[in-house]
Structure formats: C-alpha cells, structure tokens
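Assemble the complex: chain A is given as a structure, and chain B must be docked to it using the hints.
Chains as they are written, first to last, in our numbering: chain A, 1 to 481; chain B, 1 to 481.
Hint data in this document are derived by calculation from the structure and do not stem from the laboratory. Check the hints yourself; a few may be wrong.
Any copy, or any two copies together, can satisfy a pair, since identical chains are not distinguished.
Stated by the list, open to error - List of simulated lysine-lysine pairs, BS3-like, C-alpha gap at most 25 Å: (1) K418 x K459; (2) K257 x K110; (3) K8 x K459; (4) K418 x K270; (5) K8 x K415; (6) K270 x K8; (7) K205 x K110; (8) K418 x K12; (9) K459 x K12; (10) K415 x K270; (11) K12 x K257; (12) K270 x K459; (13) K459 x K205; (14) K418 x K8; (15) K8 x K257.
Model, not experiment: these values are computed from the prediction.
Number of protein chains: 2
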Amino acid sequence: MPTSSNLKTREKSLRRDLLQAQFDLAQREQSVVVVIGGLPGAGKSELVHRLNEWLDPRFLATCALWMHSDEEEDRPYFWRFWRHMPPHGRITLFLDSWYTRTLYENAADKLDPLALQTRLAQINAFERMLYDDGTLVVKLWLEVDRMTAQQRLAEDALRLAHLPASAERWSQDYEAATNAANAIVAGTDAAQAAWQRIPAQDADKRDIIAGETLLTLLTTQTPPVRAAVNHNSWFAGSEELQNNVLADVPLDAQLSKSDYATLLEAEQHKLQALAWRAHDERRSLIAVFEGWDAAGKGSAIRRVTAPMDPRLYRVVQSAAPSDEEQAHHYLWRYWRNLERSGRATLFDRSWYGRVLVERVEQFAAPQAWQRAYDEINQFEQQLQDHGCIVVKFWLHISPAEQLRRFQDRQNTPHKQHKITDDDWRNRARWADYESAVLDMVELTSTAAAPWTLVAGNDKRYARVQILQTLCAALEQGLSTQ
Amino acid sequence: MPTSSNLKTREKSLRRDLLQAQFDLAQREQSVVVVIGGLPGAGKSELVHRLNEWLDPRFLATCALWMHSDEEEDRPYFWRFWRHMPPHGRITLFLDSWYTRTLYENAADKLDPLALQTRLAQINAFERMLYDDGTLVVKLWLEVDRMTAQQRLAEDALRLAHLPASAERWSQDYEAATNAANAIVAGTDAAQAAWQRIPAQDADKRDIIAGETLLTLLTTQTPPVRAAVNHNSWFAGSEELQNNVLADVPLDAQLSKSDYATLLEAEQHKLQALAWRAHDERRSLIAVFEGWDAAGKGSAIRRVTAPMDPRLYRVVQSAAPSDEEQAHHYLWRYWRNLERSGRATLFDRSWYGRVLVERVEQFAAPQAWQRAYDEINQFEQQLQDHGCIVVKFWLHISPAEQLRRFQDRQNTPHKQHKITDDDWRNRARWADYESAVLDMVELTSTAAAPWTLVAGNDKRYARVQILQTLCAALEQGLSTQ
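Excised from the complex, chain A in its bound form:
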C-alpha cells in the first residue's frame, strides 16, 4: 500500500507528464474522449475535479449533461453528446455520458434484454466511429464497495439532495444495481474502447491510479491516423457487382407547361398542410438533395420551400467547412445543423459528400469512405428512431443535358458565377462519380430511408416528382408512430 508521501511524489511527476502528454496531443491534433463511469458515490465528480486541477485547461473541457434542455430532447439522443465532442487536440471529460441513461434505466429494470442489446450496440458503434476517426476513447470505471459509496454520498449532503430520483435504486438493492451496471460494462468493453477498472476505495489512490491510467493511454494508444490517404490501397468501388439503377431512370420523362402548373400547385398545397401537421405532431422532415452539377437541386429546393411557412424549415448548404467543423468528425457539421422537432431541415448536398466527392477526389482515405456507408446508415437510423422522416433525392441527368446546361450558364451573364473549373473537372470524371453514386444508392438505401432517383432532364418533371415523393413520405410517416 502506497504511503501518503509516496503518493505525493507520484502526483508530482504525474502532473508534469500529463501536461506534456497534452501538448503532444495538441501538436498531433489528436482528440480524446474520457468517459468517467461508476455507481453513485464512486467519486466520479471528485475525479473530474482532480483531473481539472492537473490538466491544462486550455486543452480541456468537462461535459456534465445534467440539466437536459428541450433543445436536446428535440433531437436524437446522441445530439447532446455531439455538441460536446472535443475538436482535434483537445480532451473532453464526460462526467455524464452516453452510458448514464442506460445505467440508470437498466438498474431500475426498465430495459428488456433486446432494448439493452440495442443500446449497447449503438454505444459500441458510436465509440467505434470516434475511434476510426482518430479520437482516443478512454473509459474509466470507478469501483467501490457499497459501504464506501453510501458513506461518501452521506458525507456530501448538498450533492445527495441533488441526486436524481432514479439513483435510489442503489440504496434499495445494491447488488441488483451493481449487476445491471456490470452487464453494461461487459457489453461495451471493446478493443478500441476498453473499460479501465479503477479501484476507488481510497480517494487519493483512486485519482493517482486514474491519472496514471489516462497517461499511459494518452502516450501509448494511437487510433488509426485520421484520413491519411494511401494511394496504393486505392479501391475503385464495386463496379462489377453493380446493378446500374441509374440506367433505369426515365430521363425522357417530361411534363407540359400546363400539366406542370396544375400538378405543382396541387402538391405544394398538400405540402403546406403537411408541414403544419408535422409541426403540430412535432415530427421533423430531413430531406437530402444530392445530384450532378447543374441537375437543378437549388431550384427544386425553392419549389419545395415555397409553400412552407418560413418558420417551419431551414435550408442547409454544404459549403466549405469552417475550421471548427474541420476539427471534428465529418458528421459533426450535420449533427449541429439538425433542426428541432416539428421543423424541416433541407440539406443542399449533405453527409453523402464523404462517399461521393471525397471518395472520387481522394480527399478521404479508402478506409474512411468505405466505413462511411455504415456510419451514415447508423446516423439515419438514429434520425428515424427519433421520429424524423428521412427522404433522399439523387437528381439524375444525362451527360448531354449537363453539357447543355453548362453551356447555357457560360453564355448567360447572370449565370456565369454558377459554373466553375471544378464543374468541368467533375464532368470529366463522370464514370468515377457514377460508380460512387451506384455504390451509395446500393449501400445506403434502407427500408426506412430509400433513395429516390429523380429523372432530372426535364426540370418540370423533376420538381413534381420531388414534391410528390415528399408529400407521400410525410403522409405515410405522419400516420405512423
């Protein structure tokens, strides 16, 4: 057993080494997520304090998600954690984390085995995704015996008075609660995000051991290098296997001016009422618009928003990411732009950039875009689980039609800004993009969020097809759940 002066010596060198490790992290732009777990009374807050004392506050944040807000409840559960993800080079301590809810609910016997398994799978997928993106995931589980936990809680009357009601279970049936917690720890002890069990009977030893464990992981664990491009392992996609669904898009389809006027008005009228209904039922529409350059995404979106009250929607443009966005996972900028329940978010280009332009232009490493299909499916699953209605459009046009539109843009003064060298470069790689589109459609068309391939050569036809699809999806979505 270490003596108190022994601990003092260890603390001194630990603090120095932790600071050095933080500078190294900042240098190599490594982000770190630290989850502090344990039963009530294990000393989680005290450890967070100590780490805040020891670490350099310039590279550190603490997330204590104690008061939930309606803005959080209005988005999928993980939104509240995405908000607090550390940018590159920083550490965030999660005093309350994606484990908190499941720990309490499982201890209170509120989760059946299937629900628990689903939760654990979500957590594992989330941590896997962080790890794959180069974030180190450190999870500390503080272990105390019942007596110590209860004594420690009793000593802090103020804290005790502010514990959630659900914590009572631990005083009623400590063994059952402990078993419930252990099941969660065991079920989330993955190689890339292993639980570190910290003996927490003695407060000083607990902090030293936790700090030393953190230090070891900071200095020895290296998640995969983020987005490093390995041109040798370049993988051209699964062309051979592809069923060319794009070839089946009826690009000849047309609408006459008068049919268009009639249909457009009818669908817009429907959409206006559906948008209000979605608001009243607090359901969100998430609409993704992807397509070839000059396919007409912008003008189609304007036909969609025209009948909607401006209070009920927002259009999100995927422009160049800001430096804050670049310092996070590629999905972070889309999570941060999700609207609250009852409102529509229309994405003019989206997270699918990862498997389209970033794949084709080799901005993302093959392993990065290849795993993105799963990450995207999981993201959209979370949207649906929250009650969002997810609709995805690929606006398809023929190469000849694109050329016609490019030339029209070049020849029309007020459209010239819409055509750039990039557009011509992308056009030259039509086959590569087509291959990426086919993979995307195949790998991310889920039952609940299928892709709609829009016949875009005739803009009138395309707009009506989009409005009809949106109205049908809203009608169907609003009548369920």
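Chain B in isolation, oriented as in the chain A frame:
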C-alpha cells in the same frame, strides 16, 4: 400604377442585381441583417419567401424564432439573436426579431412609458453596435390597412390557427395596436438603422418594392469599415485624467501558510454551498479573470472551482478565435459561451481583451476600442438584468514580481511552455498596458459590476481575496431579486 408585365420586367432585373449585390457582399466580407417588421397580416412571411426565392441561398439564412427554448430563456434576451447573427459576407433575414416581443407587449398595453423607453434604448444600442462593427442593418416595415391585413390572415387558415394569442389585440382594437407599433418604429428610426416603409397592400408590388429597397441599401450604404486601423488618429488613452488606482493596491499584503489554509478552507466551504444555492435559485455567476501575465489567473481559478460541483461551472479560455468567431462581432464568442441559468461561467481572459491587448497592440482601431467600453457596459447590464451576478478581477502584480515569475518559469522544465516571447514583449510595454488597465477600470466599473483589484504578489493572499469577493458577491446577489 405598374402593370403586371412591368412588374415582371422589374423582377427579372431585380433578381439579377440582388445576386450580384450578394457576391459583392461576400467579396468585401460585409454582413447584413434584414429585419422584416409589420403588423400581423402585413405579409412578412410571404416577403421572406420571396426573398428566399430571389437571393442566393449560399449566403443567406432566415431566422424565425418562433418556438422559444429553455436554453434561450436561460440567457439574456438578446442571446437568441446573437445565435443567428450572420458571419461576414452573409445576410440573415429576421422574420422574428428583437422587435417582436416589444411590438406585442406594447400593443397589449403591457409596457409603461419607462419600460418602453428602456426597450427602445436597448434596441438602438444593439443596432448601433452592429452598424459600428460593419454590419448593414436594413429594416423593412410593411404597411397595410386593416381590411387587407385581416383578409390576408383569414385566407390562410393554417397560419391563423398558429398565431400567438397576443395577436388578438389587433382584431380587438386595431387603431390602438397600430399606434403602439408606430411609437416603436418612430423610436427606433436611427440614422444608421432607418426604417424603410414598404407599401404592402398589393403582394407583388410589396415584394418588388421591398427587393428594390434592399438592393439600393446593399449597393449604396456602407457601414464604417470594420476594424481598419488608422495609425494617424492613434489616441494614447486618458492618462492625464487617471487616478492611478493600481498604485493603491496593497501589493505587500501577505498571508502565512497556516492562515491561508484556514481561510481557504472556510471560503471554499462557503462557495460550495453558495454554488448549489445559485443553482437552486437559477442564478448565474459570471466571473471575469484578467491580469498581468504570470499574475496567477489559472491557479486562482482552480482554487475557485475546487469546491464547486463540476456540473455547476464551466471555465472558458480566451484562446485564439476560430474562423467562425473571427467572422462575427468580437462579443459573439462570449455570448455563445454563456452558460444556462443556475451555472457559473468563469472567463480566463475575456471581452476585455478588446480594450487591453487589442488596444495596446493596435489590433483594433482606436474608434473600435474606444466605443468598446460602452458596448461592454451594455453587455454586462444585460447579464445583470437577466439576474446574473457579475464579478470582475484584475490580478495585479509588480513588474519586479513578474520578472521573478518569468525567470522561475524559464528555469523550471515543466513550466517553460508557460513563457513565450509574447510575454517578454508585453512586459516591455508595461506602461501602455497600465494605461489601458486604468482606463478599463475607470470606464467599466459600474455599480452592479465593479472591478476588484487583487493584490497578487502573494499568491495566497490573492486567492483568498478572490474567494472572499466571490462569496460576498454571491451572498449579496442571491439575497436580492
């Protein structure tokens, strides 16, 4: 009266010119705030729609603050608008704005003359501040007669069903409500943010006239160039007038190790309870820590946070601003970091950088830092009006003590990262900084948020002084309101 084909022609050239004006804005990094005002039924939403159709969505956002969230209610009123301020080069249309609340409340006779005057003064100061920072403030007031307004409302049953209850006043006593609105328009018709009255009887004409008015302002109005430095007009501060309060700080004051231990523990114990009490009463502490390099801000902050539950506070470091922060008013990054009611936000350096380092190093133009004193006082007034308890510390040390600490840092391996060339450069300009500090203390020591000058040569004394000041301010603040 324009014919319909006349309007079509005007619309065509208007759209082209608006797009061009937007590119020019983006080029010169000019931000624009457009407030859409008018009584219910005037056609505000319709105009917002039309502008969304006409303008390039890449440089445009619409703010419809219709559903208020608890996160918004937990901060000063203007926080909800700061969230939506356009970055440089962008336009934000405010369908609901800082006028909405006052319009409704004044129409419902809920504001006495003094309260109304205060509101209008706040609005004028806010818009003045935006304008001074280089943001163009365009305010369109849509004018319709009673019949047209009511008819238009009646035509849109869905909208009508979603109007706030307070809108009923307009149907009960339209003339009184109109007079109440006119008083607000008249009281906020400032030169740098003039109201443009738009005849809105006819929907098509309304949109064309509003668009043309916007275009004219975008192309002819130029707010002061943002933060341009004019070295010729450099103003050295008000040295002659200064009462050198820094000279009166008792830098010799000391505490023995044992007195320190006793006092520290007593004050930390008090602070622990006060932090919980502030949480329970939903009052926020805003603590600002400024001081000389090596004055001990970081270690003092750690003594403050040590007794507080980690769920109850956040420390905000003023590191280099991100590009998102740089594209906004300098106060934006502090507004975005304010914690919710019941939690403490501790700023390790703060908005006072504007009148300290940015003044001395000439990063801000003289007119920019000179007007900042007023802007800061108004900001802190808003915090206090919301119920925040604002405490500000200047950690003072002598030049000799600073030298001693710099040398200590250079000679101690694990402290070397804390001393940079900047520190030595700043030290060489001690007199300039002192002058800036004296102006700051003189011009921003308000009754409700006075500066506390901390005697920092003895770290023990300084920490106890800070804790005592914080506890006293919390005790006094929590017993009022």
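Go through the copies and call it for K8 and K459: within, between, both or neither, with a Cα cutoff of 25 Å. Between copies only: 21 Å across chains, 73 Å inside a chain, cut-off 25 Å.
Reference check for the pair K270 and K8, CA-CA at most 25 Å: within, between, both, or neither? Neither. Shortest intra-copy (71 Å) and inter-copy (27 Å) distances fail the 25 Å Cα cut-off.
I want to check one pair: K8 and K415. Are their C-alpha atoms no more than 25 Å apart within a copy, between two copies, both, or neither? Answer is between; shortest inter-copy Cα gap is 19 Å, intra-copy 70 Å.
For the identical chains here, do K12 and K257 meet the 25 Å Cα criterion within one copy, between copies, both, or neither? between (79 Å within a copy, 20 Å between copies)
My question is about K418 and K8: at a cut-off of 25 Å on alpha-carbon distance, are they close within one copy, between copies, both, or neither? So K418 and K8 pass the 25 Å test across copies only (23 Å; inside, 65 Å).
For K418 and K459, with the copy left unspecified, which applies at a CA distance of at most 25 Å: within, between, both, or neither? Within. Shortest intra-copy distance 17 Å satisfies the 25 Å Cα cut-off; inter-copy 61 Å does not.
Which holds for K270 with K459 at a C-alpha limit of 25 Å: within a copy, between copies, both or neither? within (20 Å within a copy, 69 Å between copies)
When no copy is specified for K418 and K12, does a C-alpha distance of 25 Å or less occur within a copy, between copies, both, or neither? The answer is between: 17 Å across copies meets 25 Å, while 60 Å in one copy does not.
Which holds for K415 with K270 at a C-alpha limit of 25 Å: within a copy, between copies, both or neither? neither (32 Å within a copy, 67 Å between copies)
For the identical chains here, do K459 and K205 meet the 25 Å Cα criterion within one copy, between copies, both, or neither? So K459 and K205 fail the 25 Å test inside a copy (69 Å) and across (28 Å) alike.
Treating 25 Å as the Cα threshold, decide for K8 and K257: within, between, both or neither. between (83 Å within a copy, 19 Å between copies)
What label fits K205 with K110 when the C-alpha limit is 25 Å: within, between, both, or neither? neither (35 Å within a copy, 61 Å between copies)
Hint compliance for this structure: hints 2, 4, 6, 7, 10, 13 are broken, all remaining hints hold.
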